[in-house]
Each structure stands twice: as C-alpha cells, then as structure tokens.
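Once you've looked at the hints, dock chain B against the given chain A.
These protein sequences, in sequence, are chains A and B.
Numbered according to the working numbering, the first sequence spans residues 1 to 246.
Numbered according to the working numbering, the second sequence spans residues 1 to 204.
There's no promise every hint is true.
Quick list of in silico lysine to aspartate or glutamate cross-link-like pairs, EDC-like style, CA-CA up to 16 Å [to be verified]:
#1 A/K94 with B/D183
#2 A/K211 with A/D228
#3 B/K9 with B/D38
#4 B/K118 with B/E170
#5 B/K9 with A/D228
#6 B/K9 with A/D17
#7 B/K118 with B/D183
#8 A/K116 with B/E46
#9 A/K147 with A/D17
#10 A/K147 with A/E91
#11 B/K9 with A/D201
#12 A/K37 with B/E198
#13 A/K37 with B/E170
#14 A/K200 with A/D17
#15 A/K200 with A/D15
#16 A/K37 with B/D203
#17 A/K94 with A/D65
#18 B/K118 with B/D155
#19 B/K9 with A/D206
#20 B/K9 with A/D15
#21 A/K21 with A/D201
#22 A/K37 with B/E51
#23 B/K118 with B/E51
#24 B/K9 with A/E91
Just so you have them, the derived chain A footprint on chain B, three or more residues with Cβ under 8 Å [stated by the list, open to error]:
#25 41-53
#26 76-88
#27 151-161
By construction, these hints were calculated from the structure, which means they are not laboratory data.
All C-beta atoms, glycine included, are put in the ideal place defined by N, C-alpha and C.
Take a look at the letters that make up each chain.
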Amino acid sequence: MRNAPTETGPFWPRDLDWHPKALTPGYKTSVLRSPQKALLSLPNTLGEINGPLFGHNMIGEFDNDLLINFARPGETAIGERIIVHGYILDEHAKPVSNTLLEVWQPNAGGRYRHVKDGYAAAIDPNFGGFGRTLTDDDGYFAFRTIKPGPYPWPNNQNDWRPSHIHFSVFGPGFAQRLISQLYFEGDPHIALCPIVNTIKDPQAIDQLTAKLDMDNTIPMDARAYRFDIVLRGRRSTLFENRMEGN
Amino acid sequence: MRRFTDRLKETPSQTAGPYVHIGTTPGFIGIGGVYPADHGAVMVNESARGERITITGSIFDGAGAPLRDALLEIWQADANGLFNSRSERRGTADPGFSGWGRQPVDLETGIYRFETIKPGRVPYPDGRLQAPHVMFWIVARGINIGLHTRMYFGDEEAANAEDPVLARIEHKMRLPTLVAAADVSTYTFDIHLQGEKETVFFDI
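This is chain A alone, in the form it adopts within the complex:
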C-alpha cells in the first residue's frame, strides 16, 4: 500500500442526486446563486485528473490543535474538549494519503472570529476557530478542538444551525475538490436545518454526522468523535498492467 503507484485515471462521475441540488428554496440564498442551465458534462482531461501538491513542510506543529493554536501560552479555548478523527478514503476505500484537510468553526457560544459575524455571543480570546492537517500514509487524520455551539442565522424567522465544523478537502485530483460540514450525532437541530436539508437522502446526511467514539475518548480529558470522509475514486483503465488489477 505504501508504495502503490500514483493513480492517473479519470474519476467516476459525481452522483449529483446524492449531493444537494444547486437550487434549494428552503435555503433562501441559493435561489439567486444557483445556475439555472444544465451543467455541461466533460470527460476528465489532465487538468481535472491532476491536482495541486502540498508538502508536510507547510503544516505547523499545532495547526491541528484548535484548543491551543490561537490561545495565549498556558491557556486553552473555552468549551467541550473533543478530538475529531478518521480516515479520508476514495470511493474504492483506498486511503487518500498526504492530502490537505482544513477546518473552521465558531466557538463554544456559536460565534465566529470573522469581521462579518455580529452574533451576540462573546468572542473567546483563546480560540481562532481554524486548523489544518495532512493525512498520513493510511489516510488518517485527527484534530483537537472544542465542540462548536449552535447559532441563529437569517433565513426563516427562527432558524438555528446545528453544531458543525466546516471542512475542505483536496485529494490528488482537482475534480475531487470538496467543501462540506460535519455535524454531531444526536443534535436535534440537524433535522430542522434548511442547509442540512438541502441534502435529500437521510443516509447522505448520516454520512456528515460524526459519531461519539468512546473507545478513542481520552478518560478525564477529551471525548472523541469519529468522522470518515470519502472522495471521488478513479476508474481503472481496462487492460492497464497493474498488480492491483481492476
């Protein structure tokens, strides 16, 4: 596995019924921001098959530790201490190694560190709300943070976002580029949220729901949540001479 050759084939097409549609009127902002004409389907060219390179030298020692990466020395962010961890795989369950995962979130009170966020909840001086990591050879990643708080947002008159962590993943091909959101098992706001409900299939929503993982919880310290991410996989070329076959 470690020495598997870099794959260069085209990707399986996206299942656009599994993803949210562009136009989802329950999420009002999509109404004027959704293309109305059909997408033009293209075979993958070299540009879609290839993707940017990121090296381990770009990652700082505490980039994946949101508890401390913005905190004053000796202090930590306020909130429920959690570890979020899992694997990034492709559709064939192959690990996606050395790929960049970026995360961002509000603090424990549901407030983002952003010039445009004016929610009444207080800023936590020890919490920046973002981090990044590269997956290892097995596609594994982990980061430590605080559980983000729910917050209200202007859509209908009383909409609240479930606790969530935004994430961005690359994969080795530009066609795999993905941004999505991680939710937490058991949150009653998941079923109520117009953004979550842009996704129609309950199994797809479940795929975005991190599961409490007591086996990897650190006693007396931090609870663990398990979250795996699946990126598009590549077709293998028929008759291509490869040990792993088709």
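Structure of chain B alone, referenced to chain A:
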C-alpha cells in the same frame, strides 16, 4: 474484480458559508499568528517561466449583484502545459510555479484578483490540443456544491476556435461567457451565476 457496486458514496457537499475565510484565508480577514501566510495567495516565484498575467473579475448573482463572500480557486498548467502535480507523467513542471491559487473576492467590492502566468496548451484525452485555459472552482454562501468552470483567453482566437471543450458547447452564443477580455497582460473574467449571461459551468 472491482465492480461498480463496490463503491462507497462520496461525502456529500454543503455550502462553504459566509465565513469560509476563517479556514482558508485567515490573513485576508486579519487573523494572524497561526499560519505564516494564506495558502494559495502566491502562485509564482521569481524564477517562474512564462508571461506574467493578472486575472480579475467579479461573480454576479441572479439579481446582478456581485457576491462579496465568495472564494475562488484556480488550477492551471505551467507555461509549457505541464501540471505541478503528483499525477503528471509527461514531464516535470516548472518548480517556480505552483499552478494553484486561491483568492477571496473583496468583502466590499466583490472583485477578485490572481497574479499568475499564461498557461501552455494541454492535450485533450484524444490528443488534440486544448486552447490555453484556467480551471476555476467557486464556493460561497448559497452555493451548495462548488461550481467548476474554465477561463479561456480573449487573445487566443485561433486556439479557442479549435478547442475540443469549447466545441462541445451546443449554444454558441454562450461561448463568450468563458472567454476573458484581454487588455495587455490583464484578463477580466466575470462570472454570472444566472440570467442571460449565465456562465457555462461543468460537471467534471
């Protein structure tokens, strides 16, 4: 034997939301001290080969208003048509050029700007040469899944006329939505999410 039905489902997309900068370009909104620089802000170094160019423009919604919370990423070949990528088998790309850039639109004006180089031509799967182009990926609040499009160069008329991707566009009156207006070394590429001038977006 690997079969179609063995596949896992891809993780579904959700909107990047209005605060995408926190995780992707924290320096842009004044959050320093964690990352040394915003990733993807610089694509070229002094040794990069090729013609330096600027790509700029706005993204307009269906009411004609510019998006002020969008994030764009571009990905392109180097001046010789090679990608700086692990999967590039045709040769070694220019080490002075990353090929990948990321820029938010301005929070007030909605204008984006990339400093890059003009890409070389890259073959289509059947061997024909594509015209020089830059791949775009756009995310924002209200966009449920990132939008893929391509920018072609207004001063490459001959190459554009034989480009295999542009040739697939049935409604030729939509071709100009993918072609940036050239003014010396600055190319203006506006993206329209809806309406008469709706940009051609791709399912890749």
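Notebook entry, point to check: Okay, which hints does this one fail, numbers in order?
Noted result: Checked against the structure, the hints that fail are numbers 1, 3, 4, 8, 9, 10, 17, 22, 25, 27, while the rest are satisfied.
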